[in-house]
Structures are given as C-alpha cells and as structure tokens.
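Could you put the whole structure together from the sequences, leaning on the hints where they help?
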Amino acid sequence: MTPLLLKNETLDLCKDFKTPLTNFSIAVDWASVKSPVRNFLGFKTKRISDHIDLGLTCVLFDKQNKMIDLVCSSRFNSWLIKNSFPLGKSISRDKAFRHFDNKSTVDILYKQVISVDLLNVNSETDHIFFYLSFDLRKNKSPDFSAVDSLKLITLETVSPDRVISEYAISTQNTRSKNEGILILARVYREDEGWKFATEGKSITESGFIRFTKGIQ
Numbered sequence: 001m002t003p004l005l006l007k008n009e010t011l012d013l014c015k016d017f018k019t020p021l022t023n024f025s026i027a028v029d030w031a032s033v034k035s036p037v038r039n040f041l042g043f044k045t046k047r048i049s050d051h052i053d054l055g056l057t058c059v060l061f062d063k064q065n066k067m068i069d070l071v072c073s074s075r076f077n078s079w080l081i082k083n084s085f086p087l088g089k090s091i092s093r094d095k096a097f098r099h100f101d102n103k104s105t106v107d108i109l110y111k112q113v114i115s116v117d118l119l120n121v122n123s124e125t126d127h128i129f130f131y132l133s134f135d136l137r138k139n140k141s142p143d144f145s146a147v148d149s150l151k152l153i154t155l156e157t158v159s160p161d162r163v164i165s166e167y168a169i170s171t172q173n174t175r176s177k178n179e180g181i182l183i184l185a186r187v188y189r190e191d192e193g194w195k196f197a198t199e200g201k202s203i204t205e206s207g208f209i210r211f212t213k214g215i216q
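Just so we're aligned: 207 in our numbering is position 207 of the sequence shown, and the numbers increase by one with no gaps anywhere.
Worth double-checking, as some hints may not be accurate.
Pair ranges (Cβ atoms, derived) [to be verified]:
| hint | residue 1 | residue 2 | range |
| --- | --- | --- | --- |
| 1 | Glu124 | Glu9 | 25 to 33 Å |
| 2 | Asp29 | Ser123 | 30 to 38 Å |
| 3 | Asp29 | Pro86 | 21 to 29 Å |
| 4 | Phe17 | Ile81 | 36 to 44 Å |
| 5 | Ser145 | Glu124 | 34 to 42 Å |
| 6 | Arg162 | Arg210 | 34 to 42 Å |
| 7 | Lys63 | Gly207 | 17 to 25 Å |
| 8 | Asp191 | Arg75 | 36 to 44 Å |
Computed list of lysine-lysine pairs in DSSO-like fashion (alpha-carbon distance at most 27 Å, straight line) [what the hints assert, rightly or not]:
| hint | residue 1 | residue 2 |
| --- | --- | --- |
| 9 | Lys63 | Lys195 |
| 10 | Lys18 | Lys95 |
| 11 | Lys63 | Lys95 |
| 12 | Lys7 | Lys213 |
| 13 | Lys201 | Lys89 |
| 14 | Lys111 | Lys195 |
No lab work stands behind these hints: they were computed from the structure.
Idealized CB from N, CA, C, for every residue including glycine.
Given below as structure tokens:
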C-alpha cells in the first residue's frame, strides 16, 4: 500500500525502508489550472486549462545555505538571467539530479519529474529544496489556489508502477495571489544519512530570490 504523506512529514531514507533508498524520483502532477479571463462583456471568469506552464526546480545548498547548483527547465532562462541565476539545465554538475517533463520522457503520467541519485551527490551538498513555480513571464498574478489536485509523488524509478509515497498538497491553504512559487519538499543530510520532508508552503518571487541567494 502506498503511504499517503501529510504536510511537514519526514521519512528517513535509510531507516524507514528495508534497504536504504538512494535512487528515486520526485514527480508532480495536477489535474487543471483555473486561469482568470474576461468574457465578451468584460467580466472576469475562470478558464480551466491543463496546459498552464508550471516548472519543477531543485536547488542544492551547502551547510551555510549557499546555493551550489540549480536544476530546472531552460524554458525559464529569461527569468533566470533577469535575476542573475545560472541558466536552466536538466542535469546537475554532480550528475545526481536529472530533470524531465512530459515532453522529454516516456513517462507521460506526470507533468514534471526529477530523478535523484543520492550516491552521487556532491559531498558539499547538505540539503536540496524542490519547488514548483508558475512561469512568471506569462502569469503576472500567480495563484496556487487555482491549481486542482496537486500531488507530489516519489517513485523508485521514473516508471509509474513503482510508487513509494504520495503527498496531496492542499492549495486552498496557500495565500490568495502573487505567490508564484511553492516549496514542495526537501531532502537533507542527518546523522550520516538522508531524510525526505514534505513542505507545501507558497512563497513570493522575491522571497525565493532572497532565500536562494542566501540573503537574510
């Protein structure tokens, strides 16, 4: 039976499994997004779409919360350049993290996937955050409460038949608007091992920039 995780729940990737879990994938999926539009009379209404551009990103930090590396889709390059981040790429420098979407992998059941190989993680890396974000170039008023059935799924491989856990994120508890980045989960070192913790907290674009750049 697949464990259903709750917000702020932690899994010990060494002790909570028969054998230490070192190779897995983190996937996200959502049913649809309600985007605001105006009808022919000029009144605002909601349009449901499953083609909204959300992006999965992971950022690697050291013990001093300094960013070591960033993995995300190159579709966000103009935003990354604008905010002085490295260009988007699908593979981390240590080859431990690989980004896929439903256009670049045979697994089309999930919108976005990042595979993780903890055995290859750089020794300087202490913790990794996984984010989901709106394309802020296209959506000036991002609102995660408009996203239906948002799920975070961990898999033994990218294959959909090896599900480890599911975390259904309640987007209705996010603040109303203009928080276009959602912290999904983090993986971190502890006692010579690794742990996985669910998050589910929305933050602003400026908050993400300050945190990622180590600005308190």
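### Query
Cβ-Cβ distance between Glu124 and Glu9: within 25 to 33 Å?
With Cβ atoms ~27 Å apart, the hint holds.
### Message
Assuming the hint says 21 to 29 Å, is it satisfied by the Cβ distance from Asp29 to Pro86 or not?
### Response
27 Å, holds
### Task
Indicate whether the distance between the beta carbons of Lys63 and Gly207 respects the range 17 to 25 Å.
21 Å, holds
### Task
Could you check the hint for me, namely that Ser145 and Glu124 are 34 to 42 Å apart, CB to CB?
37 Å, holds
### Message
Taking 30 to 38 Å as the stated bounds, is the beta-carbon spacing between Asp29 and Ser123 within them?
### Response
Holds, at about 33 Å.
### Query
Keeping to a limit of 27 Å between CA atoms, is the pair of Lys111 and Lys195 held or broken?
24 Å, holds
### Message
Against the range 36 to 44 Å, how does the distance between the Cβ atoms of Phe17 and Ile81 compare: consistent or not?
### Response
40 Å, holds
### Satisfaction of the hinted span 36 to 44 Å by the C-beta atoms belonging to Asp191 and Arg75
38 Å, holds
#### Entry: Range agreement (Cβ of Arg210 with Cβ of Arg162, hint 34 to 42 Å)
37 Å, holds
### Message
Please verify whether Lys7 and Lys213 have alpha carbons no more than 27 Å apart.
### Response
The hint holds at about 26 Å.
### Task
Compare the distance between the alpha carbons of Lys18 and Lys95 with 27 Å, and conclude whether the hinted pair is satisfied.
26 Å, holds
### Task
With a cut-off of 27 Å on the C-alpha distance, tell me whether Lys201 and Lys89 pass.
With a Cα-Cα distance of about 24 Å, the restraint between Lys201 and Lys89 holds, given a limit of 27 Å.
Comparing the model with each numbered hint stated earlier shows that all of them hold.
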